[in-house]
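Q: The listed protein sequences correspond, in order, to chains A and B.
The opening position of the first sequence corresponds to residue 1 in the UniProt record's numbering, with each subsequent residue numbered one higher.
The opening position of the second sequence corresponds to residue 1 in the UniProt record's numbering, with each subsequent residue numbered one higher.
What the hints contain is simulated information worked out from the structure, not anything from laboratory work.
A couple of the hints might just be wrong.
Note that identical chains are pooled: a pair holds if it fits in a single copy or bridges any two copies.
Result set (DSS-like, lysine-lysine): computed pairs, CA atoms no more than 30 angstroms apart in a straight line [stated by the list, open to error]:
#  : residue 1 : residue 2
1  : Lys9      : Lys169
2  : Lys169    : Lys23
3  : Lys23     : Lys34
4  : Lys9      : Lys164
5  : Lys70     : Lys172
6  : Lys23     : Lys70
7  : Lys9      : Lys143
8  : Lys130    : Lys23
9  : Lys34     : Lys120
10 : Lys9      : Lys120
11 : Lys9      : Lys130
12 : Lys172    : Lys23
13 : Lys9      : Lys172
14 : Lys34     : Lys164
15 : Lys130    : Lys143
Residues per chain are reported as follows:
Protein chains: 2
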Amino acid sequence: MLHIPALEKLVHELSRLPGIGPKTAQRLAYYVLKSKDSYPTQLSEALMRVQAEVHTCTDCFNYTDRTVCKYCEDSHRHSDILCLVEEPSDISRIESSGAFRGRYHVLHGVISPLEGITAKDLKVQELLNKIEEGIAGTRPTIKEVIFAFDADLEGDTTALYLTKVLQGKGVKLSRIAHGIPMGSDIDFIDDRTMGRALENRIEL
Amino acid sequence: MLHIPALEKLVHELSRLPGIGPKTAQRLAYYVLKSKDSYPTQLSEALMRVQAEVHTCTDCFNYTDRTVCKYCEDSHRHSDILCLVEEPSDISRIESSGAFRGRYHVLHGVISPLEGITAKDLKVQELLNKIEEGIAGTRPTIKEVIFAFDADLEGDTTALYLTKVLQGKGVKLSRIAHGIPMGSDIDFIDDRTMGRALENRIEL
């Protein structure tokens, strides 16, 4: 109860951000008030600029401020291998590993029956079009699709669904490996991860 | 490395907020992008509105959207007792306890030699003026000043400094009690708190 409508409105808007509860939102709002420089103006301008300039890439649906994103534009990347991710933020995680030099396709979500998200809400049709156009020869052929989803129920469901949909299209399907994280102590690994690591063991 | 200047700018501005690191700022920026409604506009408007409407009360330096704040305006509160706080956010904490019905005075900080904050950077002169004007009879006399600072070095330093400055002005000085928090288990109390609780024991 701050009794100042403008301040209460700011706290309300800030508390809509993920991981920001009412207490934190109040702390942030007080910080904004206390900042002597033009911080509120700068943050406000940054928000409006992002809304005006940033949109999804017409080809892979990553975020970009141009027509196609830098990964789609880069002619040195392999066009025949496609990494399928849930969100644009996953791309920078994969890129920083330096282990992938193909193209991306962002689904903008995963199938989640609990939240009512079906394949129609995702960029699945656009993925199918891309593969079909590759077969028809109107764009580079896609030889392999890698699923890089979160290691949870929704990720598994989405991978299962897409495997069925993409079967018989002459595309090799794979998913990133689940197992023991590098540098970790076997003593502290949970049962499910250990199960997966044994199941997916690699022959030497 | 997001390679989109507008997005990088938003991440930078968000990471200036307290407790928001670069990783969290990136997550928040992606949330802003993903929000389908007019959330960026709403947050931006809330920021500009706070900057335009909210300022400090001319009397106690609490935040308000009027000339004087609701606590200074309320004629049912006692004008002869003044609670001295560090930040405006401390007021709502004290108010929700329901144990104080006097007036407030916000210092907007505490004395901190490490951060180079001296009494001149705080609303100390304004406090002295208030007391002098009370003595001169141009405003209600202040009989007691309660220090409600954080229980840390800076809080103690400020209380010590103000005690020296306010001595001999005919004002009773006090500070809120330090001791065992209500409902807590004595086993888990730290040494300094237990020390203070014993030192400040109340005769029954």
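Q: Against each hint, give a clear statement of whether it holds in the structure.
A: For each hint, the structure was consulted:
{"no.": "1", "hint": "Lys9 / Lys169", "in the structure": "neither (52 angstroms within a copy, 42 angstroms between copies)"}
{"no.": "2", "hint": "Lys169 / Lys23", "in the structure": "neither (52 angstroms within a copy, 39 angstroms between copies)"}
{"no.": "3", "hint": "Lys23 / Lys34", "in the structure": "both (17 angstroms within a copy, 24 angstroms between copies)"}
{"no.": "4", "hint": "Lys9 / Lys164", "in the structure": "neither (47 angstroms within a copy, 41 angstroms between copies)"}
{"no.": "5", "hint": "Lys70 / Lys172", "in the structure": "within (25 angstroms within a copy, 68 angstroms between copies)"}
{"no.": "6", "hint": "Lys23 / Lys70", "in the structure": "between (39 angstroms within a copy, 22 angstroms between copies)"}
{"no.": "7", "hint": "Lys9 / Lys143", "in the structure": "neither (51 angstroms within a copy, 37 angstroms between copies)"}
{"no.": "8", "hint": "Lys130 / Lys23", "in the structure": "neither (46 angstroms within a copy, 32 angstroms between copies)"}
{"no.": "9", "hint": "Lys34 / Lys120", "in the structure": "between (46 angstroms within a copy, 17 angstroms between copies)"}
{"no.": "10", "hint": "Lys9 / Lys120", "in the structure": "neither (35 angstroms within a copy, 33 angstroms between copies)"}
{"no.": "11", "hint": "Lys9 / Lys130", "in the structure": "neither (44 angstroms within a copy, 33 angstroms between copies)"}
{"no.": "12", "hint": "Lys172 / Lys23", "in the structure": "neither (49 angstroms within a copy, 34 angstroms between copies)"}
{"no.": "13", "hint": "Lys9 / Lys172", "in the structure": "neither (51 angstroms within a copy, 39 angstroms between copies)"}
{"no.": "14", "hint": "Lys34 / Lys164", "in the structure": "between (56 angstroms within a copy, 28 angstroms between copies)"}
{"no.": "15", "hint": "Lys130 / Lys143", "in the structure": "within (12 angstroms within a copy, 79 angstroms between copies)"}
In this structure, the earlier hints numbered 1, 2, 4, 7, 8, 10, 11, 12, 13 are contradicted, and the remaining ones agree with it.
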